[in-house]
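Chemist: As a plain string of letters, each chain reads:
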Amino acid sequence: MLINCVAYQNGEKLADIPIADISEYVTRPDCFVWVALRDATDAELQEMQMEFNLHELAVEDAHHGHQRPKIEEYGDSLFAVMHLPEMDDKGELNIGEISIFVGNNYVLSVRNRSRQDFLGVRSRCEREPDLLRQGAGFVLYALMDAVVDRYFPFVDALESELETVEAQIFVKGSARANIERMYALKRNTMVLKHAVAPLMEAVSKLHGGRVPHVCASSQEYFRDVDDHLVRINASIDSIRDTINTAVQVNLSMVTIEENETTKRLAAWAGIFAVATAFAGIWGMNFKNMPELQWEYGYPAALFFITAVCGLLFRRFKRAGWL
Amino acid sequence: MLINCVAYQNGEKLADIPIADISEYVTRPDCFVWVALRDATDAELQEMQMEFNLHELAVEDAHHGHQRPKIEEYGDSLFAVMHLPEMDDKGELNIGEISIFVGNNYVLSVRNRSRQDFLGVRSRCEREPDLLRQGAGFVLYALMDAVVDRYFPFVDALESELETVEAQIFVKGSARANIERMYALKRNTMVLKHAVAPLMEAVSKLHGGRVPHVCASSQEYFRDVDDHLVRINASIDSIRDTINTAVQVNLSMVTIEENETTKRLAAWAGIFAVATAFAGIWGMNFKNMPELQWEYGYPAALFFITAVCGLLFRRFKRAGWL
Amino acid sequence: MLINCVAYQNGEKLADIPIADISEYVTRPDCFVWVALRDATDAELQEMQMEFNLHELAVEDAHHGHQRPKIEEYGDSLFAVMHLPEMDDKGELNIGEISIFVGNNYVLSVRNRSRQDFLGVRSRCEREPDLLRQGAGFVLYALMDAVVDRYFPFVDALESELETVEAQIFVKGSARANIERMYALKRNTMVLKHAVAPLMEAVSKLHGGRVPHVCASSQEYFRDVDDHLVRINASIDSIRDTINTAVQVNLSMVTIEENETTKRLAAWAGIFAVATAFAGIWGMNFKNMPELQWEYGYPAALFFITAVCGLLFRRFKRAGWL
Amino acid sequence: MLINCVAYQNGEKLADIPIADISEYVTRPDCFVWVALRDATDAELQEMQMEFNLHELAVEDAHHGHQRPKIEEYGDSLFAVMHLPEMDDKGELNIGEISIFVGNNYVLSVRNRSRQDFLGVRSRCEREPDLLRQGAGFVLYALMDAVVDRYFPFVDALESELETVEAQIFVKGSARANIERMYALKRNTMVLKHAVAPLMEAVSKLHGGRVPHVCASSQEYFRDVDDHLVRINASIDSIRDTINTAVQVNLSMVTIEENETTKRLAAWAGIFAVATAFAGIWGMNFKNMPELQWEYGYPAALFFITAVCGLLFRRFKRAGWL
Amino acid sequence: MLINCVAYQNGEKLADIPIADISEYVTRPDCFVWVALRDATDAELQEMQMEFNLHELAVEDAHHGHQRPKIEEYGDSLFAVMHLPEMDDKGELNIGEISIFVGNNYVLSVRNRSRQDFLGVRSRCEREPDLLRQGAGFVLYALMDAVVDRYFPFVDALESELETVEAQIFVKGSARANIERMYALKRNTMVLKHAVAPLMEAVSKLHGGRVPHVCASSQEYFRDVDDHLVRINASIDSIRDTINTAVQVNLSMVTIEENETTKRLAAWAGIFAVATAFAGIWGMNFKNMPELQWEYGYPAALFFITAVCGLLFRRFKRAGWL
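Residue numbers (the working numbering), protein chains in the order written: chain A, 4 to 325; chain B, 4 to 325; chain C, 4 to 325; chain D, 4 to 325; chain E, 4 to 325.
Since the hints were derived computationally from the structure, they do not count as laboratory data. Nothing here was measured: the structure is a model prediction, and the numbers come from that model. Where hints are given, some of them may not hold.
To be verified - Derived Cβ-Cβ restraints for the label pairs, each shown as a range:
1. B:MET193 <-> A:ILE22: 34 to 40 Å
2. C:ASP120 <-> A:THR167: 35 to 41 Å
3. D:ALA180 <-> C:PRO293: 50 to 56 Å
4. C:THR167 <-> E:GLY323: 40 to 46 Å
Claimed, not checked - Some chain B residues near chain A, calculated using beta-carbon distances under 10 Å:
5. HIS67
6. VAL214
7. GLU223
8. LEU254
9. SER255
10. MET256
11. LYS290
No residue lacks a Cβ here, since even glycine has one placed at the ideal position from N, Cα and C.
In isolation and in its complexed conformation, chain A is listed as follows (with noise of 0.2 Å):
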């Protein structure tokens, strides 16, 4: 579906133009095209395969969907492929995609499986005619910058997530309830690891060293971009060496646990049975157990036990077993 499909000269936006008027627009020197796509359709591709003189093997791709981050050069343009996380109404993690094509003359937009449009990006390129001019390299800038910025509230989420489970680690019998939910943190933390770290190499040769043509003048914006996806991939790192750690430690936690549980069994059980024990003993049919015969027999012996069991209740107290 055509979102929008827009002529810029000089920083300014020139017109609206139809799709068919694309190729003339995309040859004046001074003049670039940026059209965007949603759930783009075979038909839709081809005519933009066309227009652009893209390589096959780029369609197929944002065809096809389910890439990994990646930017390719095709000779003189760019195709780069980044992922759009969104939490869907179940809370689950999905993953879109958007894929941008990038000449000289033109920038081309697909989006997939997303609700997140990119209608702000284009409103506030249009509000800075000065850097808008650098051409088709700033547009894919201000695309990565809005996808990266995205990313953002995804890493806070798991952050918050990861605190609120670190506040249960130490509570006694939560323990399988923070297994699972670590293990749940675990699998988003690496999926969004897989949006970041593939997109962070392949925009790490956006500056630098030797940087294709189309993006020479708008350096230092993509280096910027590079700086957020390090500090996001680092963010995302120290998460799961934190859940790995903290995966240990629940489980000396329950191993902890059981062993207190054993101590108290092991206490209650010593208790009762010295109880049962002298009972069992003063229940023996011998014809001559004298203290049988005593008046006072009976509660002297429920004293003596109560008094033992007391005893041991003490020792085992102080021990820390009960």
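We have chain A already, so just place chains B, C, D and E on it with the hints.
Modeler: Okay, now just chains B, C, D and E, sitting in the frame of chain A:
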């Protein structure tokens, strides 16, 4: 066993040719020969070695089989080995092999221990003479692409097996079955990893930097294969990482379950130990135990014991031990 | 908030100058201006941006804060961000930030969320005009050196906390406290790691190979800072590695302790079960049980039971179960 | 001990020569000398050092032995050390050593602490004069190839031992034996790893980039050796990785087994505790316990107790505890 | 404290010279001065700094001590720091330090916190004038070689301690002692690692590629030192890896042992619970219990109980629980 032996010119099929004529066609400047063998015998390989002037070490590797995936340059020609994973009838993962010799004017593929043929690759190539015109390098690409495409279903199978196991991880009593499945999954993942990782490393040298001459004109296609391999490899690493966490989580779950069992055991043991202790006390043979003489002593005792046990039951229930 | 704004010439302090005069002094060839801000407002930063002609992206970073440590080149000038760890009143580790802009003729430092000032750095520099003559690059070094020197006490604190925990690892009954402290220690170590590792990577580019012009004459000093960072980083890695082992060892100790508890429980349970079993046997109501009629049957039975229990006690004692 | 000392010309054996004549043959342009020593004495090594003009440090290494595998350049000559693993009569893995000095016109091999000879290598070389004509570099290759070929059976042995252990992992009651075997396996794997990994690193410098002059004409052969080493190394890493997982899985199995034991214990203890409790209740000495007077009270009680225990048994059976 | 100060010419000792004359000898073209200090005071270091014109930062490092091992270039001169591990009287591993300043015409070594001297190095050098003629670089090598040679016994000690622990791993009841020893071993291994790994990295730059001028003529000797360090480092890594596995194996052994204890406990508890249950049944007070009246009821009951318990005992024995 010879499957077919065809000469091509300008991307068009020229003719099926007898093996003896190969050396003649190979010398024609704009012509190349594409030979496919299957489970080649020693004699067949020697014949090919002479026709194509192959390097002794490469022929030896193709003969012995059980190589790791690799791409080696011998002067102007290339020697590639790829793994062909195959699920046998018992559901075990077996690894066949395809060895490919590529020169400026020839492609020779030798398939070993695999039931999958590559006839589809040849017919697809013949339907696209524009691409096939790129020569032997493009055939290498087409074969590689076909091999790599066959890895995807295996990755999908591993991922769906992983999801099945994950769904079982937090189910009580399934720990033993889980751990067995995870271990099998890990093994299969490693088999696939050994097919993918070395190949990825090798293919990455067929585009970008210094590229063997025969592949130079098809660089973007090899980058596409590389991209697929990187994607598969990332999935495999992700599966392995998840299994490692899952094994740990599974161990935690077992320990948590054991703790719960111990608590339940402790609770019931405690309740019956109390009943036994009281029964033991009233079973003592002291002469003077007034309550034994009471009219309703027995039901009172039963009620008392039941009450105490009930009280304990409620406390344990509340504490989550029962 | 402006802290001070001073112009220097040939390593000597020229004068405290008003902000408005900065742009004038900056153009003098052998003169540089050193400005220090604290928790700078938006307006202050914009003023500085104009006076020093700073790059928009760098100013944005300094304004937003929460950057990872880095050193970026913008044309001839450098933009550095460093973390300032600080123990707050509750003993929590907080991270402040200092952003430094360095050009050929100026240094601008902006300190955020930190109570530590750098007045000492300025006065030390003014006491060494020979070194200060090297210019803005040396001031950058002096500030970096001061920041890095503040990391050492934190590393020392982590190491001594680690030693305290280690001394507790093999003490019985301290597992729960240990694991909590180790976890907190790991977290703090990671906070420091995030301050040190990226900075180390960045500083390593200020000496040796291609060095930014402004730092070229102070290369050996930056190598010294780098060396300190490498040392700190090695200590941090060593602490992390040790904690990982310690967590595992702690788990082993808990399991060993549990084993000992189980054995002790088994031993006492065994002893009392034997007593109860014998008492139960002599409590049976068979008519013909000769020993019940013996004169000294009861003491004999008591003696027998005590003897058996004593024997068991000795055996368990020897086996190390009690 | 001298094994043999032969001069070759144009790939053909010239003559067995006495040691004293070595220096003469070495100076002939198209001739080279191949000497093999075994457990060389100090005197023999000094003699060789003079004849071949070997570097003092290399001779020292060959003399002391216990080097790690390596290939070092001394001017125009090479010094290589390789490990020779050997299973001794007790089934322990011992490591012998072969040191090889290679110059333009000589090869000197010194074998230490190993019962395996390399006579086969010499005779195979002599049967292939075409290859032997490549000179001393080819002899180095032939020796390396022979050494590396001897690693394969060890890898196979480790792999089959691993398979045996894996088949035992999920068998109950074998955990202790498994863990001992896995530990021994890990140790042996590491011994082999130390033989392979440094050698692989060293051989990788004998082909591809800047190659020592003496090896230049045999590059493709050294790449073949490298390929074998990479394959072996990958197998070793795979074994190590699998052992690590297997150790964890084994621990999980033990914990699972312990859980099952605990449950079974809990079940039987519960059943008998119930029986004992009821028996205890009917063993109380209350005067007024009507059921004690019933004609069929006793069988009814027995039936009741059996019924309750049977019920419990069925429930535990169903819950999988028994 | 000055140990000695000697001038050398052409590899021969010229004379012991007073410190004041150093600067004179240093300017002679074919002469160099070798000074050794021990626990140098501030004044001594300043004197040396003036005589040899040392860089301020290097002198500071030598003064403060507690550096990590490193080799730094200051213009034409080198500054090296190495660790000197030492077992003190209590068996604790302490780390001394030697700082070495090397220029074209001088070597200055400063030893701190170590009781080991390097007199042997000097006398060995003086006995080999041919090598000493290489100049200050060779002295640096000789000192390094001596330091590195002192690492070997520590590695051997760690390895033999590891073997001792390994021999104990599968012995029952030694888990607690094992884990303590392994932890101590790991700590000591890390101390040595910190001495070796950074030094190895530094020495690797003294041979092969771009080498500091003063070391250029002794490259092969530095490669020899590097080779030793690589060997030591590999041993250390191997020890660490083995300890990690051993800690895990030890934990498995504890868990296995606990399982065995639990089984044994379960077995005995079961046997006595059965005896108690039967005794309890015959201890019930039902009026009509015919077997109680039998002449041989009591021995029959005893026999029955013993038989059942014996049967259980045999079953448990066979199942390996006892």
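Chemist: Look at each hint and say if it fits the structure.
Modeler: Now the hints, each set against the structure:
{"no.": "1", "hint": "B:MET193 <-> A:ILE22: 34 to 40 Å", "result": "violated, 50 Å"}
{"no.": "2", "hint": "C:ASP120 <-> A:THR167: 35 to 41 Å", "result": "holds, 37 Å"}
{"no.": "3", "hint": "D:ALA180 <-> C:PRO293: 50 to 56 Å", "result": "holds, 52 Å"}
{"no.": "4", "hint": "C:THR167 <-> E:GLY323: 40 to 46 Å", "result": "holds, 44 Å"}
{"no.": "5", "hint": "HIS67", "result": "violated, 35 Å"}
{"no.": "6", "hint": "VAL214", "result": "violated, 14 Å"}
{"no.": "7", "hint": "GLU223", "result": "holds, 6 Å"}
{"no.": "8", "hint": "LEU254", "result": "holds, 7 Å"}
{"no.": "9", "hint": "SER255", "result": "holds, 5 Å"}
{"no.": "10", "hint": "MET256", "result": "holds, 7 Å"}
{"no.": "11", "hint": "LYS290", "result": "holds, 5 Å"}
Checked against the numbered hints above, the structure breaks hints 1, 5, 6 and satisfies the rest.
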